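Novice: Sequence:
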Amino acid sequence: MTTIAVLGAGKIGEALLSGLLQGGRKADELLFTEKHPDRAAALTAQYGVEGLDVAGAAQRADVLVVAVKPQDIEPLLDELSPVIKPGTLVVSLCAGLPTSLYERRLPDSTPVVRVMPNTPMVVGEAMSAISAGKYATEEHLNLVEELLRTVGQVARVPESQQDAVTALSGSGPAYFFYLVEAMIDAGILLGIPRDLAGRLIIQSAVGAATMLNEGDQHPVILREAVTSPAGTTIMAIRELEKHGVRAAMLAAIEAARDRSVELGRDHEAD
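At position 147 of the sequence shown the residue is numbered 147 (our numbering), and the sequence of numbers has no breaks.
Bear in mind the hints are in silico, worked out from the structure with no lab data behind them.
Please read these numbers as outputs of a predicted model, since none were measured by experiment.
A hint or two may mislead.
Pairs of lysine-lysine residues, derived as DSBU-like cross-links and limited to a Cα-Cα distance of at most 30 Å, are as follows [stated by the list, open to error]:
| hint | residue 1 | residue 2 |
| --- | --- | --- |
| 1 | Lys69 | Lys35 |
| 2 | Lys69 | Lys85 |
| 3 | Lys35 | Lys85 |
Generate coordinates for the entire structure from the input sequences, incorporating the hints supplied.
Specialist: Structure representation (structure tokens):
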């Protein structure tokens, strides 16, 4: 039996616990840490999983999933380093943090797998990219893939691409939410009630995503199928191009990549 401890039971940590349970893991195979006692008690009541401190988790777990905010990683590693068991697999869900940080701060030869998930994990539709650290083996990667498939899809990438992945899919849901928000506002501007505008746009987004996911056609082909000569859609596309929406999206994702790089540099060795 592999015991898995989630260090930090926020939204992503809780979503992973829930997915693992739904995927067939037993509650007594799982542990979590949570600094707020009331929330810890609520999670135990809801899922039947034991909450405990970092030292207790490190002593009992075979896999430690680090799901804290990047700014909280240093005190966690200070607490974890003296108590982690040899050979424990560390799985990092922290944006921007390289495997070398964990390898430097934890005992020699600690296997680390870096993961960039995204928030659709809370509905079982995450896109997670994983990369092996210096000491992580194929067996470690297979285990992490198995765990993450309970909450969505998984892809392996070189760690050198993780900052780009963070910008593209880690932050990606926010771009879609931002676009939907703008389209709902446009519906209101055109006289459609907010609730109806929301239904129209959200279902359109669901349908478009399904066509992309289940078909084999390039987005350009799908977009062109909606774009009739001298029709309404091409007039809208012209305005989007005129206002530089495509260029703005490229620049936004590049800026997110740069920030991910900065987060990693904040924890470089002196």
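Novice: Are the hints correct? Go through all of them and say.
Specialist: How the hints compare with the structure:
no.: 1; hint: Lys69 to Lys35; result: 13 Å, holds
no.: 2; hint: Lys69 to Lys85; result: 23 Å, holds
no.: 3; hint: Lys35 to Lys85; result: 22 Å, holds
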